[in-house]
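We have chain E; now place chain H onto it with these hints.
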Amino acid sequence: MNVPPWAGFIADVPDDQVEAGGDITVYGGRNVALVLGEIFAGLGCSRISALRSLGMQGWEFDFRYGGRHRFSCRVQSFYPVFWLLFVEESFSSGEAHVELWRKFGNTLERDPRFHKILWRSAKQGPPDPQKVEAINDRRQLLFDEEFPPSRIDAKASHPSIWPYVIAIWLMFSGAIGPFMLEHPDLFHRVGYAVIGLLLFLLGVLFFLIGIGQGRET
Amino acid sequence: MAQDWSSQSDDDAADDTGSWIVRRNAQLALQAEADKVGRDLWNQATRDGNGLYAGNPSDLRAIGLATLGNPESYSPVTADEDERGVDPVYGFAGAPGRPSTEGGSPVPRAQDRSPSPPRSSEIDVPTVSELNVLGRRPVQAPHPGLLDDLDHNPAVRAAAGGLGFVGGLFVGVPRTGVHAIEGIGEAARFAGGLFNPQGRADAWNGTKAAANSTLQYLGSRLAHPSRLGSDIAAQGAAAVHSVIPFTTPMGDNVLGEMKHEFGIGANAGEALTNVVGLASGFELAQSLNAIRGFEAAQPARIAKYMAQGFDEPTAIHLSKPYKGMGDHGPVPRRQDSILGFKAPALKKVPIPDWVMDSPFNVSKPRGMSQGDFYEYHYRVDPRFYGARLPKDLNGGKGWSGKRLELERYDGPGRIWARTPSLYKDAAAAMSYDGSLRQRRQDDPGSPR
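Here the protein sequences come in this chain order: E and H. First residue of the first sequence? That's 1 in our numbering, and the numbers climb one at a time after it. First residue of the second sequence? That's 1 in our numbering, and the numbers climb one at a time after it.
Bound-form chain E, shown alone (with noise of 0.2 angstroms):
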């Protein structure tokens, strides 16, 4: 199996989620979010970034392992259970990705400050809250005991041809579209030479993005 993104997990904090006259305004887990990425930078990683909030999905940051590997990291509050999305969003062999995530992995488990640690598959989804909590810590596996290293492989990830398909296309239409349509009004004609012209430079910033995809900051 490939590295398991999701994690539902009990966090001794307080519960952070600000209400107002019955609606949630701020959604809670930036405490949280906060303490992993100190574990994150404890584990090597840098340029850890501030924390954003996505609203009803929780609070997120960012961070380099090894240099140019960049990966994600977001929680979401049901408190007590919080849910953790970790992901490489740089495209590479995916070792690095193995590398941290068991580092990670192992750190959660051995912080008091975590019980109840469920980790699960992209197919899967982040566990059921009340699941999380019905959890029996004494028999619950070891981290190490539950994804021995022959268990979990890299997943290597590559930018996508599709910008570049995309780019040729609107390109090339563009470039003849004036040219193959034609018609005696001027209105027609300088209508399809905008078309053309708008076509045209669509394919480019379809261009910029596949080559952008690879393109670190």
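What the hints contain is simulated information worked out from the structure, not anything from laboratory work. Please note that a few of the clues may not be correct.
[To be verified] Pairs of lysine to aspartate or glutamate residues, derived as EDC-like cross-links and limited to a Cα-Cα distance of at most 16 angstroms, are as follows:
no., chain 1, residue 1, chain 2, residue 2
1, E, Lys155, E, Asp111
2, H, Lys391, E, Asp153
3, E, Lys123, H, Glu407
4, H, Lys402, E, Asp128
5, H, Lys397, H, Asp336
6, E, Lys123, H, Asp372
7, E, Lys103, E, Glu145
8, H, Lys397, H, Glu312
9, H, Lys397, E, Asp15
10, E, Lys155, E, Glu109
11, H, Lys320, H, Glu405
12, H, Lys364, H, Glu375
13, H, Lys304, H, Asp231
14, H, Lys402, H, Asp392
15, H, Lys391, H, Asp336
16, H, Lys364, H, Asp381
17, E, Lys123, H, Asp336
18, H, Lys323, E, Glu19
19, H, Lys320, E, Asp23
20, H, Lys397, E, Glu133
21, E, Lys116, E, Asp137
22, E, Lys103, E, Asp144
23, H, Lys391, E, Asp23
24, E, Lys123, H, Glu405
25, H, Lys323, E, Asp23
26, E, Lys116, E, Glu99
27, H, Lys36, E, Asp185
28, H, Lys397, E, Asp128
29, H, Lys347, E, Glu89
30, H, Lys304, H, Asp381
31, E, Lys116, E, Glu95
32, H, Lys320, H, Glu375
33, H, Lys36, E, Glu182
34, H, Lys391, E, Glu19
35, H, Lys402, H, Asp353
36, H, Lys391, E, Glu99
Just chain H now, kept in the frame of chain E:
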């Protein structure tokens, strides 16, 4: 060449030269118009699938000159006929050096003599012998070169046609906008005309004429109902030919076929945009209806959420109008992708909130309650599984799409649902404009 004419009398020579000068001047005066007529006929033949052969650009002028001189004398011929030696302009078999048949030559028979090869010094000097070919170019057999072979190779033409069709698809989408603007202009002109007596009279006459022709058509089809079927079949076939590639005869050469299929591709793209616009219009009508009836539907919504297993306070909370930030589809708030493609460099771009949260980037379907939006978000966002509710609701369990066993949208369904309403409304407006207007004669370069 002069020696070739030495056997003629001086009177004959003077007569020929005078005639040539008159004809030459007349043709020069007609040149621009002939070019246009020739090209129009060639385009028409390409659209109709008639194999009019014009191997050189100058052939178009010859075709135009012939048509201007005697429109009845011109009939399109195929390349095969051309290869057999049938003149595309005058319908006579013969190339320079070949004897002409009776009645076909543009040149009086008395002058229709076989020319001698010109000396290099005389090439640009008009001579009487040029009368043999004046107004037309010699019918040339395809050059036995690679490029010419490719130009007439059916497989290469088909490939060019396919490329043209694919290229035309994208162009058809914004072309719908051009036609929409044109429609708005027409409507404005019509509305403006109603403010003066002449405009009102024109509008009334137009309405009467349209009503008359409709009544005439209905009358004739009532008298001959069988024709109605053939009319429908003809319209259906025309519609299919106008949007489905390779259902019309192939053009004579690579460029002709490419242009032909490009036009069909643009039609298909425009038709697709209209279909999308109609669906958007339907969605727009539904959401306006939902907004109008939101209050009235409140009890039904509460009942729905209670049936899903929520307690009453939670059901009431979920039935309230949604006031959140919506779904950021094209560029997510994380700013790490565009249209689903990773774009890490985007994080460095300072996108202000008024752009990020604008209707260009946010999908927030109208007339939705809080619970409706959770369901919508679960279906379109593969990373959204649930949300927390206020602490005292639902026993602190929050809302979970998985618990409700909702299904996610996939592929085109997800793209459609996640597209901000602004774009769908624009497509609906363009499509509405198109459906109001009758099929019009435009884009002569593309089939309809």
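Check your understanding: Of the hints stated earlier, which fail here?
Key -> When the structure is compared with the hints, numbers 1, 2, 5, 6, 10, 11, 13, 14, 15, 17, 26, 30, 31, 35, 36 turn out to be violated.
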